[in-house]
Every structure is written in structure tokens, then in C-alpha cells.
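Input sequences plus hints: build the corresponding full structure.
Number of protein chains: 4
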Amino acid sequence: MTRTFNTVGIMGKPNNPAVAETAGILHEFLLTRVMNVLVEEAIADGMTPKPELTVSREQIGTKCDLVIVVGGDGSMLNAGRLLANYEVPVLGINRGYLGFLTDISPQDMVKKVGKVLDGKYIEERRFLLHATINRESDEHETQNVGEGHALNDVVLYPGEISKMLDFEVYIDDQFAFSQRSDGIIVSTPTGSTAYALSGGGPIMHPNLNNVVLVPMNAHTLSARPIVVDINSCIDIYVGETNPHNPQISCDGQITLPVKAGDWINIRKTSRQLWLLHPQNYDYYKTLREKLGWGAKL
Amino acid sequence: MTRTFNTVGIMGKPNNPAVAETAGILHEFLLTRVMNVLVEEAIADGMTPKPELTVSREQIGTKCDLVIVVGGDGSMLNAGRLLANYEVPVLGINRGYLGFLTDISPQDMVKKVGKVLDGKYIEERRFLLHATINRESDEHETQNVGEGHALNDVVLYPGEISKMLDFEVYIDDQFAFSQRSDGIIVSTPTGSTAYALSGGGPIMHPNLNNVVLVPMNAHTLSARPIVVDINSCIDIYVGETNPHNPQISCDGQITLPVKAGDWINIRKTSRQLWLLHPQNYDYYKTLREKLGWGAKL
Amino acid sequence: MTRTFNTVGIMGKPNNPAVAETAGILHEFLLTRVMNVLVEEAIADGMTPKPELTVSREQIGTKCDLVIVVGGDGSMLNAGRLLANYEVPVLGINRGYLGFLTDISPQDMVKKVGKVLDGKYIEERRFLLHATINRESDEHETQNVGEGHALNDVVLYPGEISKMLDFEVYIDDQFAFSQRSDGIIVSTPTGSTAYALSGGGPIMHPNLNNVVLVPMNAHTLSARPIVVDINSCIDIYVGETNPHNPQISCDGQITLPVKAGDWINIRKTSRQLWLLHPQNYDYYKTLREKLGWGAKL
Amino acid sequence: MTRTFNTVGIMGKPNNPAVAETAGILHEFLLTRVMNVLVEEAIADGMTPKPELTVSREQIGTKCDLVIVVGGDGSMLNAGRLLANYEVPVLGINRGYLGFLTDISPQDMVKKVGKVLDGKYIEERRFLLHATINRESDEHETQNVGEGHALNDVVLYPGEISKMLDFEVYIDDQFAFSQRSDGIIVSTPTGSTAYALSGGGPIMHPNLNNVVLVPMNAHTLSARPIVVDINSCIDIYVGETNPHNPQISCDGQITLPVKAGDWINIRKTSRQLWLLHPQNYDYYKTLREKLGWGAKL
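Protein chains in written order, with this note's numbering: chain Y, 129 to 425; chain E, 129 to 425; chain R, 129 to 425; chain D, 129 to 425.
Mixed in with the good hints there might be a few duds.
When chains are identical, the list treats them as one kind, so a pair holds in a single copy or across two.
Stated by the list, open to error - Straight-line C-alpha distance at most 30 angstroms; calculated DSBU-like pairs for lysine-lysine:
id, residue 1, residue 2
1, K248, K191
2, K413, K387
3, K413, K291
4, K413, K243
5, K239, K191
6, K291, K418
7, K396, K413
8, K291, K387
9, K191, K396
10, K243, K191
11, K248, K418
12, K239, K413
Calculated directly from the structure, the hints in this document are not laboratory data.
Listed below in C-alpha cells is the structure:
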């Protein structure tokens with residue numbers, strides 16, 4: 129079953145001339161191909177000519193059959209967390225510097241977007257994580273004091289430089305391990321080629337239903353990444369003796385304050401992101417070209 | 129649904145007095161609890177008194193409702209590859225030195241085996257890999273020239289010391305990467321705490337449907353382990369320019385010769401091993417106690 | 129040539145009852161063995177009875193023939209950076225939790241300190257690093273805007289969570305590499321078993337005249353630690369495009385603000401710390417016992 | 129003080145047409161510049177026209193003021209071990225595939241060799257290791273049963289695939305660690321960018337007086353490389369329970385059989401290799417270009 133793309137939205141990195149220029153060319157092209165083209169207000173402001181139909185960030189997901197994101201992986205993470213709510217499919221044009229998720233280059237844009245509109249695309253589902261911070265109130269009740277979604281990763285940081293963090297990790301209500309480290313990265317397969325890889329985690333194929341826990345500079349020789357099922361309940365207890373301002377970061381874009389004694393619950397969301405790729409998309413080629421992975425000397 | 133254990137088999141490391149002694153105690157205990165106790169011939173020889181009912185290695189799987197393996201992880205791997213054919217469940221008594229798979233200690237044996245016979249156990253399924261070596265004949269036909277099963281891992285070795293191996297890896301018919309290295313470890317979650325871990329692979333929870341490919345001392349800075357779905361078709365092409373005697377090892381126990389130009393196909397088998405554990409089995413505790421994993425300094 | 133210890137100083141972690149108690153016992157013992165015992169004011173306050181002779185932190189190095197530090201590695205780093213100025217030898221009593229540098233346990237204190245006073249000790253020299261931050265003023269002159277000493281390591285941090293840092297490293301005026309990462313650890317052999325080890329650096333024997341540069345979570349697959357001569361000039365240029373508040377940390381105890389565009393010069397100091405150990409001191413045993421290094425499963 | 133190059137030798141990889149061709153051009157050029165050009169017999173055979181003056185491998189070191197090696201790093205290792213005996217300087221032309229040691233490309237050969245002959249070169253000293261295998265005879269006397277030199281590394285291998293090795297390492301007569309692994313790499317700084325790097329060792333600048341011990345796939349989570357002084361006495365005891373045929377490899381080129389119970393002594397030799405480079409030689413550039421080290425994504 130092929131999707132029908134009557135209304136196509138354009139999102140992107142705001143205040144960026146290169147993005148605005150590419151978005152302009154894309155806009156013009158889409159007008160020749162689909163019934164409605166809606167441009168997110170934030171990016172529309174920078175475009176010349178200013179597009180006729182604009183839409184708020186809040187509404188773009190409800191009104192479009194497809195959203196095309198112009199920018200880097202950061203823009204896609206940002207858009208992806210939003211659009212996963214509406215199950216609207218997303219396509220990415222790379223104007224950033226790595227472009228793992230935004231895999232169409234501006235030069236190929238017209239040709240490749242055209243093919244996607246013709247129904248020639250690959251569709252991938254990427255799941256998201258949901259992190260909740262739970263704190264015991266003075267009345268010994270547990271309160272949700274913060275939450276966020278992540279397409280790549282949920283990262284726990286000490287929040288102060290050169291202070292290590294003490295925490296305990298429970299998986300499906302079983303104590304798994306405690307650690308003294310610079311924190312921990314809980315990453316989806318999507319995030320496995322991002323920060324988790326820098327931290328020493330394995331590459332995980334995007335179609336896997338897994339999460340990897342990657343310790344960051346652990347103060348022990350025996351820490352290793354562990355891969356678990358995405359449906360696992362991952363709970364992190366931030367020890368009482370920690371520095372004052374630990375923090376959680378979702379996709380490196382949302383920051384939530386944590387206190388010593390808090391519990392952080394990380395779960396798969398019911399949301400998922402539908403990511404489209406041109407038909408010749410080749411994951412391993414992306415790994416080789418963008419990461420230099422597996423290059424022989 | 130609980131299994132019924134009328135006939136219980138005993139297997140184990142042959143020619144090992146400690147194993148024979150433990151098997152003797154186990155045998156005596158089982159006689160008080162189940163209808164039939166069958167002892168594998170190889171181990172029966174060393175037991176005093178010699179057990180009445182013995183059975184060949186070939187038949188033990190067809191005749192028993194449960195097989196108890198006395199030995200180390202090596203004995204369990206050996207037995208597991210065999211018993212997976214018959215879907216007979218297996219329980220392990222540790223007389224080896226790590227005992228990841230054989231998780232009941234001889235001291236607790238009578239008590240814990242008793243509980244398992246009472247139906248108080250956890251049941252786990254572990255999948256196996258099947259490796260086939262394919263060679264083009266002079267008539268340009270492809271012939272299967274060797275095959276083996278693995279519960280832990282299939283490892284490709286150069287076969288000569290200080291000679292690196294050149295090979296290419298394809299996943300689901302897509303070229304993934306080429307490599308010049310000391311070989312590659314293709315490991316199940318079961319094997320992820322064995323050789324793959326020594327090679328820098330992640331720990332994978334045993335319930336995952338994954339395989340990890342771990343490069344061994346790759347001659348590049350950019351090699352990293354990759355985790356893929358267990359249903360992936362993993363094909364390794366051994367380059368033409370390789371040293372004379374590459375080899376494949378299954379679980380470090382079966383060795384198969386490979387030639388330059390061969391293709392190695394690695395697939396999940398339809399077989400699976402049913403591994404029983406006492407009810408208080410705790411995977412993460414095993415990781416912490418047997419690997420020292422996650423210990424804080 | 130053996131040192132003579134007429135005046136012995138006591139330093140330690142202030143406001144810590146366990147440290148004060150151990151310092152009290154040590155003080156009493158020293159009074160029976162040496163001519164003068166001077167206690168640093170900060171620790172003297174917590175001791176009962178309060179010692180007669182106290183000395184300021186500024187003067188302890190000039191007045192003593194030996195300083196004994198009671199505390200953890202943090203206390204020793206703190207004292208060591210100070211005492212290196214005066215070339216007064218230092219001995220450590222462990223009241224911290226790892227005690228790599230403070231290698232005498234409180235239980236053995238009286239016996240082992242006694243032996244050291246008898247001249248039965250091993251003497252080790254540990255060198256220090258000096259980091260200077262240089263900034264171009266509006267008049268295009270370069271100004272030293274911050275500096276610090278380090279016994280373990282000089283670490284460059286982004287200063288904000290989930291922001292990577294871009295920088296370039298020059299060694300002896302040659303461009304070595306550029307990096308996008310969570311920063312870099314420049315560590316002495318002394319520091320090689322501390323934070324640098326968490327970051328993936330090698331262990332370096334304390335007698336080496338080396339420095340290791342350890343990248344932290346580099347955003348590339350090809351980053352590796354590099355070991356260079358301690359007399360190398362190590363210069364780090366913090367790229368213009370960086371987040372607002374990079375920071376340098378010396379031994380995790382001194383923090384210095386850095387700005388995009390700054391140069392950080394790291395050099396060996398002419399200072400060195402003389403560290404004493406009991407005669408049965410065994411570096412490799414310390415590695416095995418305190419790090420669990422090289423333990424077989 | 130500049131060296132004088134009256135007699136120049138040519139060595140190289142035998143039976144290799146590309147090497148022979150480059151050696152021919154080099155030979156012709158040298159005849160125009162120096163008094164005598166001596167070609168090693170093994171390579172002379174393949175050259176057209178056959179050079180007039182040839183010399184045996186045994187004599188080349190005694191007769192030349194400079195030897196130029198045409199080939200890859202393997203050829204240079206081979207020549208280097210020999211020529212270190214005579215302290216004759218060596219220059220390398222790369223006809224191999226990485227060329228860390230043979231850093232002049234055939235295209236630049238005439239120009240760069242010319243400059244070297246003009247005295248415009250950088251001179252580097254590289255030290256060698258000497259490994260001795262000692263075995264207790266039936267009369268309880270210790271006998272040297274094998275020895276070899278290495279410019280890169282001495283590697284201890286199990287000698288059979290999928291058999292781990294048990295051994296103990298002593299440094300300066302102190303027990304350092306025991307290990308169960310695929311063996312160990314003892315590497316010079318020269319070798320630190322070769323096999324030791326594949327095994328996870330740090331890069332060590334060639335001017336360092338260090339050796340690094342790199343465990344290979346150790347069966348523990350706590351193994352780490354350790355860097356020690358080159359003058360350390362490194363002794364490896366191969367445990368009694370090992371597989372039948374452990375082996376030592378020097379530079380991957382000399383193989384020596386080892387038996388369970390043997391002691392392997394590794395020491396710095398008094399020999400050193402004088403390696404010449406063109407004046408614009410830049411070690412870090414070589415790292416970046418040949419290893420892709422430090423590349424940003």
C-alpha cells in the first residue's frame with residue numbers, strides 16, 4: 129500500500145540562509161507536484177519569496193501527509209520527536225554536516241523527492257524513548273517532576289564538570305549494576321551511530337527492537353555496554369551522595385534537572401517515527417561513507 | 129504449562145573424576161525422584177557404582193524429558209548443540225571454572241535440581257547458528273564443503289599466526305564492509321559473554337533475537353561491532369589473496385577448513401535449545417558475579 | 129643517602145571526623161619519634177586534643193622535612209601540588225576510598241610510618257604539568273588569563289552538557305590532530321590510573337617521562353590515545369565556533385574558564401613531587417588490588 | 129655532523145616486478161650521484177639490466193654507508209633487523225600498501241633521495257627488542273632454545289586456533305599480572321602503529337623509550353595495555369596447562385616454538401636502527417594520512 133501525498137509540509141532549521149535557500153527551491157518544486165505545500169512559520173520567515181501558506185509547528189503534523197525536513201540530524205531529531213505524535217512520515221534533506229537521518233543531498237533533492245512523491249521510497253519505523261523523572265515529595269508521594277522524548281538517546285550527566293555520578297540501574301525490576309562514572313547513555317538503534325558510538329557502544333541496525341546502555345568514562349575497568357530489549361523497563365536511581373545538579377538530556381536538545389534521590393524511568397513510547405528514504409537507500413553505505421566505518425587501510 | 133520429567137538423562141565431561149563424582153551423587157538423587165535415569169555412556173564409565181541404565185550420545189535426546197549436564201560451559205555447548213535437535217530441555221551443574229550456562233553449583237545441586245523437578249524453574253530459549261562453507265567447483269557449481277552449528281559463536285580465523293585475513297561481509301545481500309584483521313566473531317546473545325566480549329563486543333541479553341559481528345584486531349581504526357537481527361543472512365566472502373588455511377570454529381569446538389574464495393553463510397537454525405534455570409536465577413547477578421561486571425572501585 | 133626527618137608535618141582532608149581521628153593517632157605517635165610535629169591548621173581544628181603546634185598551609189612546605197597526608201587521593205593531589213614547590217617529601221595515609229597515592233592503611237600506620245622514619249622507604253619522583261590559558265587581547269597581544277598545576281591531569285571540557293567541543297592539538301609546534309569531542313585528558317603517568325583510564329587510556333608506569341593525550345567520546349571512529357614525551361610542548365587551540373563556556377580542570381580540583389579562540393599551553397613544570405612509600409611497596413600489586421587489573425575470570 | 133654516502137646499497141622485496149622496476153630507476157639515479165651502488169643479490173636477479181655490482185644480504189651492512197629499501201613495511205622490518213647490527217642508516221621507498229616506515233613514494237623518489245644524499249634529511253633512532261626462550265632441561269638447567277629480534281613487536285600466540293593461553297608477566301622481577309587470552313603483544317613505539325594498535329594499544333611517539341604490553345582478547349573485563357620503560361626486564365612465564373604449540377612471532381616474520389613451562393625474556397637490544405627521512409617528514413601527518421587518525425566526521 130502506497131501513501132498518498134496531497135499536502136506536504138516543509139520544516140527546517142530556522143535563521144539559516146542555506147536552509148532557507150534550499151527550502152525555497154524545494155517549495156517551488158513541490159508546488160508543481162502536490163495540491164498543498166505548507167511551510168513551518170519559523171523557516172518561512174527567512175525564505176524569499178515568502179511562501180503563501182504557512183503553518184505553526186503545532187499544526188504541521190495534523191495537516192500534512194508528508195513533512196520534509198531541511199537541515200541536519202539535529203533538525204530531524206527535533207522534528208521527529210514532534211511528528212511521531214501524528215504518525216506523519218518524514219523525509220530529510222541534508223543541510224547539516226553529517227546527515228545520518230537527512231540522507232538526501234540538496235543537489236539530488238528535486239530528483240529524489242520527485243521519486244518519493246511517485247511512491248518510490250523505502251519506509252522505516254524508528255521508535256522513541258520516553259524518560260520520566262520521579263521524585264519523592266515531603267509527603268512520601270512520588271511525583272513526576274520532568275519528562276521528555278528521545279529519538280536518539282537519553283543521557284544522564286553529572287551536571288558539573290569533573291564530578292562523577294553514582295547511580296544504580298535496574299532492568300525489568302532486577303538490579304543490573306551500579307556505577308560511578310560521567311553518566312550513562314541509553315540509546316535507540318537510531319542513536320547508536322551518534323553519541324553512543326562515541327562512548328564505545330556498538331552499531332545497532334535501525335530495524336532492531338533494542339536499547340543499548342553505554343557507560344561514560346566509568347570509574348572501573350569492568351564496565352561494558354549492554355544491549356537489552358526495547359520493551360524492558362529501565363530505571364536509574366540517582367544515588368543520594370551525588371553532586372548538586374545532575375541532568376538528563378534527550379537527544380542533546382531537551383535538558384531536565386535531576387536531584388540526588390530521583391528515579392529516572394525510561395520506556396519505549398507508543399509513538400513511532402515513519403522515516404522515508406529514496407529507494408536506493410543503503411544503510412551500510414551510509415555507515416561507510418559518513419562514519420568511514422569498515423574502511424581498510 | 130509445566131513439563132513432566134519422567135525420564136532424566138545425565139551427560140557430562142568424560143574422563144573427569146570430579147564430574148564423575150558429582151554425576152554419581154546426582155544419579156543417586158534422581159533415582160529417588162523420577163521413573164528413569166539414563167546416563168550417557170561416556171560419563172558412566174567413570175562412575176562408581178556404574179549406573180544401571182546407560183544410553184548413547186545419539187539416543188539421549190530422543191529418550192529423555194530432561195537432560196542434566198555436569199561440567200563447564202564447554203560441556204554445555206557440546207550437549208546443547210546436540211540436544212537442540214530434540215527440543216529436550218537442559219539443566220547445567222557447574223564443574224567447570226566459569227559456569228555461565230551451567231549455573232547450579234555442586235553444593236546446591238540436590239536442593240536445586242529437586243525444585244526444578246517440582247516444576248519450580250525458569251525456562252529460556254537460546255537459538256543456534258548454522259554455518260555453511262560454500263566452494264565453487266571446477267565446473268563452476270557451488271558445493272557445500274563443510275558445516276557446523278553454534279550456540280555461542282562462529283569464528284573465522286586466518287589459520288596461521290601473524291597472517292591477517294581479508295574478507296568481505298554481506299548482510300541480507302547488501303555489502304556491509306570489508307576488513308583486514310585476525311578474523312571475525314559472529315556471536316549469539318548466549319556467546320556475547322564469551323569470546324565476543326573478549327573481542328570488545330557488547331553484552332547482549334539472552335532473550336534478544338540478535339547477532340553481533342565483532343572484528344578481531346582489525347587493521348584499521350574504524351572497525352566497530354555491529355548488532356543485527358538474528359534472521360539476517362550473514363555471508364562472508366574470504367578474499368582470493370588470503371593465506372592458505374583459514375578456518376572456521378563453531379563454539380571453539382568444531383573446526384572447519386576454509387579456502388580463499390569460499391563463501392561462508394551464517395543463518396539462524398530452526399533448532400533452539402531450551403535451557404532451564406532454578407527459579408531464583410538472575411542474569412544480571414551472574415554477570416556481576418562471574419564477570420565482575422559493573423563493579424565499582 | 130637517607131633523608132633526616134626532624135620536623136614532620138600533618139596535612140589532611142579538613143572537616144572529616146575519620147581523618148581527624150587518624151591524624152590524632154598519627155600525631156601522638158610522631159611526638160614519640162621526631163623533634164617537631166606541625167599540624168596544618170585546617171585539620172588541627174577537628175582534632176582532640178588540639179595539637180600544640182600548628183602551621184598554615186602556606187608555611188608547612190618550608191618548615192617540614194616530611195609531610196604526611198591523611199585522606200584520599202584527592203587530598204594527596206591537593207597537598208602534592210603545594211608541596212612540589214618545596215621539594216619536601218610526602219607520605220600518604222589512606223582515609224579515602226581508592227588510595228592509589230595514599231597507600232598506607234590506617235591499621236598499618238604506626239608500624240609503617242615508623243619504618244619510614246627509620247629510613248626504610250622507597251622514594252619516587254612524580255612530575256607535574258602546568259597549564260596556561262592564553263588569550264588575544266583587543267590590541268592583538270597575547271595575555272595569560274589563567275593557569276594551574278596538575279599532578280594527575282589537565283582536562284579540557286566543553287563546559288555545557290551535550291555540547292561537543294572543537295579543538296586542535298599541536299605537539300612541539302607541529303599540528304597533530306583536530307577533534308570534535310567531549311574534550312581531552314592530558315595525563316601524567318600518575319594520572320594514568322585515574323580519569324585517563326576511565327577514558328580508555330593506557331596504564332603508564334609512574335617512572336615514565338611521558339604524557340598521554342586521551343580523547344573523550346570523540347565524534348569519530350579513528351580517535352586513539354597518543355603517548356608523547358613529557359618535554360613536549362602541547363598546545364591546544366580552542367576553535368572559534370565553540371559553545372560559550374569551555375573549561376579546564378586541573379586534577380579535577382582547579383577549574384579555569386576558557387573562551388573560544390584561546391590557546392592552552394601544557395608543559396612539564398620544573399617542580400616535582402617526592403612521594404615516599406613503605407619498602408614493600410609494589411606498584412603492580414596496587415594495580416591488581418585497587419583496580420582489579422589483570423584478574424583472571 | 130652530516131653523514132657521507134659514498135657507497136649506497138639497495139635492498140628490497142624479491143620476486144616483485146614493481147619493486148624491481150623501482151629499484152632499477154633508483155639504481156640508475158644513484159650511479160649518477162655516488163661512488164658505488166651495491167644491489168642485494170635477491171633483488172638484483174629481477175632487475176633489467178642486471179646491476180653490475182651485487183652484494184649478499186650478509187655483507188650489505190658492512191659495505192654500505194646507506195641502504196635504501198624498496199618495498200613495504202615488511203621489507204623494512206626485515207632489512208632493519210639486519211642493518212641494526214651495523215648501524216648503517218636506512219631509507220625506505222614505499223612499494224607496499226601502507227608504508228609507515230618506507231615513507232618516500234616512488235614518484236618522489238629521485239627528488240627526495242637526491243636531497244637525502246645532499247645531507248638534507250632527518251635522522252631517527254629506533255630501538256629493537258630481543259626475545260629469548262628459556263627452557264628447563266631434564267637436568268634442571270635453563271637453556272636458551274630460541275631467540276629473535278624485533279623492530280615492531282614480539283607477540284606470544286597460543287599456536288592453535290580457539291585455544292586460549294595462560295601466562296604470567298613479570299616486570300623487573302615483580303609479578304605484574306597473569307592472563308588468559310589469545311596472547312600478548314610487546315611492542316616498541318615503532319610497532320605501536322602496527323599490530324599493537326589493532327589490539328587496542330595507544331599510539332606511542334617513535335622517540336619514546338617505552339614498550340607497551342597489549343593483551344589480545346583477554347578473557348576478563350579488566351585487562352588494559354600498560355606502558356613501561358624500555359629498559360625494563362619483561363619476562364613471560366607460559367603456564368604448564370597450555371595447549372601444545374604456543375609460538376612467538378617477531379615482527380610477524382620470525383616464528384619460534386614455545387612449550388608450556390618456558391620463560392620468555394624480552395629486553396631492549398644494544399642495537400638500534402638509524403632511520404632517515406626527507407627533511408619535510410611529519411610524523412603526525414603520516415598518522416593522519418596513513419591511519420586516518422584524528423579525522424573529524
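_Check the structure against each numbered hint from earlier and tell me which ones fail, lowest number first._
none
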